[in-house]
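**Q** All chains, full assembly: derive it from the sequences and hints.
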Amino acid sequence: DSGVTQTPKHLITATGQRVTLRCSPRSGDLSVYWYQQSLDQGLQFLIQYYNGEERAKGNILERFSAQQFPDLHSELNLSSLELGDSALYFCASSAQGGGNTIYFGEGSWLTVV
Amino acid sequence: AQSVTQLDSQVPVFEEAPVELRCNYSSSVSVYLFWYVQYPNQGLQLLLKYLSGSTLVKGINGFEAEFNKSQTSFHLRKPSVHISDTAEYFCAVGRGNAGNMLTFGGGTRLMVKP
Chain A
1 DSGVTQTPKH LITATGQRVT LRCSPRSGDL SVYWYQQSLD QGLQFLIQYY NGEERAKGNI
61 LERFSAQQFP DLHSELNLSS LELGDSALYF CASSAQGGGN TIYFGEGSWL TVV
Chain B
1 AQSVTQLDSQ VPVFEEAPVE LRCNYSSSVS VYLFWYVQYP NQGLQLLLKY LSGSTLVKGI
61 NGFEAEFNKS QTSFHLRKPS VHISDTAEYF CAVGRGNAGN MLTFGGGTRL MVKP
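From first to last, the protein sequence lines are chains A and B. Quick note on the working numbering: the first sequence kicks off at 1 and runs consecutively. Quick note on the working numbering: the second sequence kicks off at 1 and runs consecutively.
Be aware that one or more of the hints could be misleading.
[To be verified] If you want a taste of the chain A side facing chain B, the calculated C-beta under 10 angstroms gives, among others: (1) Y33; (2) Q48; (3) N51; (4) G52.
[As the list claims (entries may be wrong)] Pairs of lysine-lysine, DSSO-like flavour, derived with a Cα cap of 30 angstroms: (5) K57/A - K49/B; (6) K49/B - K9/A; (7) K58/B - K69/B; (8) K113/B - K58/B; (9) K113/B - K57/A.
It is worth saying that the hints were derived from the structure and are not from the lab. Even glycine gets a Cβ: it sits at the ideal position worked out from N, Cα and C.
**A** See below:
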């Protein structure tokens with residue numbers, strides 16, 4: 001158990017819909033990361049938050065947004081969903097500082113039909 | 001920009017045989033290097049990491065990796081694999097001044113056969 005909690009574990013939704021994925025980081029970790037894992041794109045970094053502020057941005061679509069709340073939990077919002085958004089979405093957390101281990105949750109499986 | 005290449009998408013090996021999973025990276029600055037393992041239907045778990053110092057790094061489950069700066073490689077090795085090592089292995093590179101985010105390779109599926 002990494003200590004990173006993600007909900008829901010599985011989600012099936014229709015094209016055009018909007019979903020929210022939730023993440024609770026490990027106790028004490030101020031950094032939260034979101035990654036997307038798909039068969040064709042592999043593991044792609046989406047976005048990082050540190051103590052409520054956006055810290056780094058990767059290949060995140062404009063239809064996607066994220067935020068980190070004062071209690072440090074984070075949410076990833078995916079809107080106008082397309083079939084290609086079907087993937088495993090990971091949340092991860094770490095202490096700040098280069099080289100610190102990033103701990104991953106078990107992921108949220110999103111299927112868009 | 002940095003990138004990671006895992007040269008083999010699949011590596012079949014017999015139980016108790018040695019294995020090497022190859023990883024090459026490119027970066028214009030000093031990096032930190034990681035190997036993660038993903039078992040079926042699970043998240044990623046850290047196997048080992050290189051930050052600085054000794055180029056031979058030992059990790060969990062009997063794995064080790066060697067950092068080679070001149071060849072920009074960070075190959076993962078295990079002298080004797082078990083069936084339970086069957087999983088997807090990811091090499092990753094990170095930079096401290098990039099918010100600590102990691103760039104992952106495409107993964108190598110290790111398939112251990114009895």
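**Q** State for each hint whether it applies.
**A** Here is how each hint holds up against the structure:
{"no.": "1", "hint": "Y33", "result": "6 angstroms, holds"}
{"no.": "2", "hint": "Q48", "result": "5 angstroms, holds"}
{"no.": "3", "hint": "N51", "result": "12 angstroms, violated"}
{"no.": "4", "hint": "G52", "result": "14 angstroms, violated"}
{"no.": "5", "hint": "K57/A - K49/B", "result": "23 angstroms, holds"}
{"no.": "6", "hint": "K49/B - K9/A", "result": "28 angstroms, holds"}
{"no.": "7", "hint": "K58/B - K69/B", "result": "17 angstroms, holds"}
{"no.": "8", "hint": "K113/B - K58/B", "result": "24 angstroms, holds"}
{"no.": "9", "hint": "K113/B - K57/A", "result": "40 angstroms, violated"}
The structure is inconsistent with the numbered hints 3, 4 and 9, although it conforms to all the rest.
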